[in-house]
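Residues per chain, in single letters:
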Amino acid sequence: MMSLGFLNLNELGDFTSAAVENDTISFIAAHHYGNVFTCNRAFCLLTGYSKEEISNIRWPEDFTAAELRAWAVNIIKGSKSNVTSYPHELELIAKDGSRVPVVMYVHTYRDGAGRPIYNYSFIMDMTEHKRLENALKASETKYRELVENANSIILKMDTHGNITFFNEFAQLYFGYQLNEILGKNVIGTIVPVTDSSGGNLSKMIRHICVHPQLHKLNENENMRSNGERVWVSWTNKAITNDQGDVVGVLCVGNDITALKNAETELKWSRDQLEMRVSERTAELEKVNEFLLNEIEARKQAEKRIIESEEKFRILVETSPMPIILHRGADIIYANPAAAEAAGCSAEEIQKLKFWEPILPQFKELARERELARLQGEGPPSVYEVKIQTNRGEKWMKTCSVKVMYMGNPTIMTIGEDITPYKQALTALKDSKVEAELYVDLMSHDISNINQAGMGNLELLQDKVKLDAQGQEQLSTALQAFEKSSELIKNVKKLQKVKRGDLHLEKIDIGQILYRVKDDYRMIPGRDITIHLESPEGCFVYADRLLYEVFSNIVDNSIRYSSGSVDINISLSSVKIDGKKFYRVSIEDDGPGINPDVKKRIFNRVHYEGGIMRGKGLGLYLVKTLVEYLHGKIFVEDSIPGDYIKGTRFVVMLPAM
Amino acid sequence: MLKDNNNIGIVEDEPQVADLYKTALTTLGMSISFIAGDGLEAIQAFKDSDPKPHIVIMDYRMPIMTGIAAMKEMRKLSPETEYIIVSADSSIREDAIEAGALMFLEKPIQLKQLIGCVKNFSQQSTRPI
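Sequence lines, in order, name chains A and B.
At position 572 of the first sequence (counting the first as 1) the number is 571 in numbering that gives the first Met the number 0, and the numbers step up by one without a gap.
At position 84 of the second sequence (counting the first as 1) the number is 83 in numbering that gives the first Met the number 0, and the numbers step up by one without a gap.
These are calculated hints, taken from the structure and not from any lab test.
It is possible that some hints are incorrect.
Stated by the list, open to error - To give an idea of the interface, some chain A residues facing chain B are shown, with a C-beta separation under 8 Å as derived from the structure:
1. E66
2. H443
3. N447
4. A451
5. M453
6. N455
7. F480
8. I487
9. N489
Stated by the list, open to error - In the SDA-like style, the derived pairs of lysine to any residue whose C-alpha atoms are separated by at most 20 Å in a straight line are:
10. A:K202 x A:I186
11. A:K495 x B:I91
12. A:K401 x A:K464
13. B:K111 x A:T475
14. A:K482 x A:L501
15. A:K396 x A:K428
16. A:K482 x B:T25
17. A:K495 x B:E93
18. A:K505 x B:E93
19. A:K259 x A:E301
20. A:K393 x A:L364
21. B:K51 x B:E40
22. A:K385 x A:E433
23. A:K462 x B:R60
24. A:K491 x B:T26
25. A:K462 x B:I91
26. A:K462 x B:T26
Please read these numbers as outputs of a predicted model, since none were measured by experiment.
From the three backbone atoms N, C-alpha and C, an ideal C-beta is built for every residue, glycine too.
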């Protein structure tokens, strides 16, 4: 029965033995200088020996390696006290030869004289402990190696930001020796107060130190010892004590300067790209708009082409003028008018060679010209041919041009029936020829008649003595013949001018005027004074009929005056619209010309009171000739406003 | 009065005009060598005439041959004879002179003018035909 009072162990007896025997801590006792005399089960398990075996083994000698034996003996047997003051670490050799790390608590039992009798040890198997310790050591070593050899910045700082650990990489990276950086605050050393964009890094670091869990990942600008700014990506972990308070921050950083620069560049490139994309998009939009406009324009153009084609079709198909397209000899297209002109159907005409309807005398001409045109040569585009139709021969005026039809060079010929015109022209020519013939014949015959009449009257004048009246009548008869002759001469001259049958040459006006002066200054029975001012070398491009212009005017001055008459002829050069003209002024002091008469004086005929007057052609001839020579003629009063004081004729001719 | 040997040839297809010239000239005392009505006839008459006329008054426009053509042929036969070409067509004046005519007179001629020309030539001429 168990007592409730406290018992000493030596009073426990079996209980104490059982407690030791069953404990997990190994127990061994040995005679001080002898063998083991007891151990517990744990020791047997520890060493692998049975108790029986153990009883024959020396402690500690047989349980220790040679190199540790002496030491072990010394600890166990050499102790001067009953209990060693601290545990000893030892390696025991198990039965299987393995080494078992233990920690021993060595005791010595002494007799009254203090002589050691027994020694006993409590032994703890440190295998697991050692294993853990070794593992820890290995881990620590690995950790240390990792930390020291890491290509990452690893630092620790306290809650104030002072650096408590700075791995080798960090030292190299930031350019600080360990003794230069440990204990220093990160701000001002590896962290600038503000970053390049003005951000407050000092504030940020303080916050990280206090609340690292809020900044597990952080990127910020840092600074090397030489002031160079770098970017580091940090992983921050709080270092806590056993109470869970933050006592520091473990920071692992990786340089991302290049990355940041690349990011910046990338951003810049992206911005540039976006800008270019925007620009390109804008360009493409413009192009798109342009293309859309183009498409619209093309659609409109197509529409216009269709309309134009329709117009053309209507124009061509309904045109009364023959229109054909031919290439080489073949007719590719002929409008209905062309088929009708050729006297065949639209299908039949396309089987013809284009020159077939043309009469032989024009066929070769047409063929040569159109083939040459197709070859790219430049024969005349417009010419006349005669064609054979089912309604007889027709004159056609053709106009041909080279076009591109269906991508191939083609000749387009448009014809115009000019048969009526030709007939009218022929009739006109015939009439003209006939009229000229009549004029020639009549002028010749009338001249002869006049010659006979005048000549005989002249003879009569000399032969027969007539009274005053008779003389006057004779004179009148002679004058009539002279007028008739003059009329005929003027008609012939007019005919010549109208026909353009003039021989134009370089003529000195001055010489003509001098001749006129000479011819008219001595008129029997008249006192004629002709003053002439004419410089030399005034040349015009004219016919010799030019004499008639000035002689006619001077003749009129004399004829339509009586008694004495002064005629002033002057020649000068003038410029009109930049062109040089010669101005001949023939001025007289005769009776003048009535303003009404002046208006029609150059007309061929005029009527006064319903009666035709002015049968003479003189001034009409003068005006016709002057105008043929591209000149001008006009009449005015010698004294402006007072026509009875004489007349001035002015002739302007282009200078040569 | 002119010399007897001033004989004149008249070539004119219009008989009345030919008569007129003949009357006017004979009144002056000139003799008429021949009167022909066209160029061919004139050439033949000229060939047959002896002596050859001093002057020939030659109309220009005539049947068969013009006066200038006839004149050229007649000049080949006898270059001494002078010719006065007469025509209502003044445009042939230059041709006539170039062909060798003494002068050109435009019809209708004033007889005084014709007679004056013939007189002048006769007085200037000293060589016998």
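Would the stated hint for H443 of chain A survive a check requiring a Cβ distance to chain B of less than 8 Å?
5 Å, holds
Verify the proposed pairing of K202 of chain A with I186 of chain A, using a straight-line Cα cut of 20 Å.
Within the cut-off at roughly 10 Å; holds.
Run the distance test for K462 of chain A versus T26 of chain B: straight-line Cα separation, threshold 20 Å.
Judged against 20 Å, a Cα distance of about 10 Å means the pair holds.
For the pair supplied as a hint, K401 of chain A and K464 of chain A, confirm whether the alpha-carbon distance does not exceed 20 Å.
85 Å, violated
Has the given pair, K505 of chain A with E93 of chain B, been kept, meaning a C-alpha gap of at most 20 Å?
Holds. K505 of chain A to E93 of chain B sits at ~17 Å (cutoff 20 Å).
Is it true that the CA of K393 of chain A sits at most 20 Å from the CA of L364 of chain A?
17 Å, holds
Does the alpha-carbon distance linking K51 of chain B and E40 of chain B stay inside the 20 Å limit?
Given pair K51 of chain B, E40 of chain B holds - Cα atoms ~15 Å apart, limit 20 Å.
Decide if the proposed pair is consistent with the structure: K482 of chain A and T25 of chain B, CA atoms, cutoff 20 Å inclusive.
Violated - the C-alpha atoms of T25 of chain B and K482 of chain A are around 28 Å apart, more than 20 Å.
Straight-line Cα separation of K385 of chain A and E433 of chain A no greater than 20 Å?
Outside the cut-off at roughly 26 Å; violated.
Restraint check for K259 of chain A with E301 of chain A, where alpha carbons must lie at most 20 Å apart
With a Cα-Cα distance of about 59 Å, the restraint between K259 of chain A and E301 of chain A is violated, given a limit of 20 Å.
Restraint check, 8 Å cut-off on beta carbons, for N489 of chain A near chain B:
11 Å, violated
Interface restraint verdict for N447 of chain A against chain B (beta-carbon cut-off 8 Å)
4 Å, holds
Checked against the numbered hints given earlier, this structure breaks hints 1, 9, 12, 14, 16, 19, 22, 23, 24 and 25; the rest are met.
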